[in-house]
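Model the full structure from these sequences, guided by the hints.
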Amino acid sequence: MSSNSAAAISPYEVEEVRGVLHIYSDGSIVRSAKPSFTVPVDDDGSVIFKDAMFDAANNLQLRLYKPAASSSSCKLPIFYYIHGGGFCIGSRTWPNCQNYCFKLASQLQAVIISPDYRLAPENRLPAAIEDGFMAVKWLQEQAVSEEPDAWLNDVADFSRVFISGDSAGGNIAHNLAVRLGAGSAEVAPVRVRGYVYLAPFFGGTVLSKFEAEGPQEAFLNWELIERFWRLSIPVGETRDHPLVNPFGPVSPSLEDMALDPILVVVGGSDLLKDRAEDYAKKLKEWGKKIEYVEFEGQQHGFFTINPDSPASKELMLVIKKFITENSS
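Counting in my numbering, the sequence shown runs from 69 upward without gaps.
Keep in mind that the hints were calculated from the coordinates and are not lab data.
Just so you know, not all the hints are guaranteed correct.
Cut-off 16 Å, straight-line C-alpha distance, at most; resulting in silico cross-link-like pairs (EDC-like, lysine to aspartate or glutamate) [what the hints assert, rightly or not]:
(1) Lys-357 <-> Glu-393
(2) Lys-277 <-> Asp-346
(3) Lys-143 <-> Asp-217
(4) Lys-205 <-> Asp-123
Here it is as C-alpha cells:
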C-alpha cells in the first residue's frame with residue numbers, strides 16, 4: 069500500500085455510547101443531536117419552565133421549572149436535579165429528563181433546577197463537578213441580585229435548597245455535599261438542607277460483588293460502566309480517583325467531615341447497588357444523618373424510565389418526606 073493510500077483511509081469508529089456519542093480512530097468526536105431516549109415530552113401545562121445561562125464561558129444553561137399555579141404568597145423549596153449519563157451523555161433538554169422534572173415540580177411542589185454540565189471525553193473530570201458547583205453559585209447570585217428575576221425570586225425559598233442527582237448526577241451531588249459541608253456557608257444566603265443521591269455513580273478498581281456478578285443484559289451493565297469510567301476519569305488515573313471512589317486509598321476521609329442530611333436511593337437490580345449501600349452504611353457508622361432506601365427488583369434509572377410506575381410513585385413520596393423532615 070502506498071503512503072498516499074494509507075493517508076486516504078477514513079477514520080473508523082473506536083468507541084460508541086448509546087448511539088449518541090461516537091469516537092473515531094483519529095481522536096475526533098461526533099455527538100448526535102438526538103437523545104438516546106426517544107420518549108414523548110409529557111407536558112400537561114401544570115408546570116412551566118424556562119432556560120437560563122449560568123456559565124457563559126462554557127456556554128452552560130440550566131432549566132428552571134415551577135408549578136404553573138405557584139404564587140409569591142407561598143414560597144417553594146428549591147430542588148436541583150442533575151441528570152445522569154456516565155459523565156459522557158445526557159442533557160437537561162432530553163425528554164426523559166424533562167418529564168422527570170415535570171413530575172418533581174408538580175408532586176414536590178418545588179422549583180426544580182436542572183443544569184447541564186460539560187461532558188467527557190472532551191471534558192474529563194473534574195469538569196462536571198466544577199460545573200455543578202457553578203450551578204449552585206448561580207443560585208446564590210440570584211438570591212443577592214439587586215435586579216432579581218421575579219419568575220424565580222417571587223416563589224423560591226433560598227433557605228430551603230436540596231441538591232439531587234441521578235447516577236453521574238448523584239456522584240456530582242456527593243462531591244458538592246463534601247465541598248459545601250454542613251451549613252453550605254460558601255453559598256449563603258442560599259442554604260442547602262439536604263442531598264438526594266439517586267443511584268449514585270461511584271466506582272473503584274476492585275469490583276463490588278454485584279458489579280462482578282450482576283446481569284450483563286442490565287440497562288447499565290459492567291461493560292458500559294467500565295466504558296463510562298474510561299472516558300471520564302482524568303488521563304492516567306484509575307477508578308480509585310477521589311472523585312470516583314469516596315473510600316479510595318487517596319480519598320479524603322469523610323469520617324470527620326460535617327455533612328448535611330443525605331438520602332441514598334438505589335434499585336435492587338442496579339449494578340451500582342453495592343457501592344450505594346456501602347456508602348450509606350459507612351456514613352451512618354460515622355454518625356452522619358443518612359437514609360438508605362432500596363427498591364427491590366428495580367433497575368438503574370427506573371424512576372426516569374417509567375416515572376409512573378408504583379416504585380417511582382413511592383420514591384416521590386420518600387423524597388417529599390425527606391424534604392419535609394429537613395426543611396428547618
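Against the structure, the hints:
no. : hint                : in the structure
1   : Lys-357 <-> Glu-393 : holds, 12 Å
2   : Lys-277 <-> Asp-346 : holds, 12 Å
3   : Lys-143 <-> Asp-217 : holds, 15 Å
4   : Lys-205 <-> Asp-123 : holds, 10 Å
Taken one by one, the earlier hints all hold for this structure without exception.
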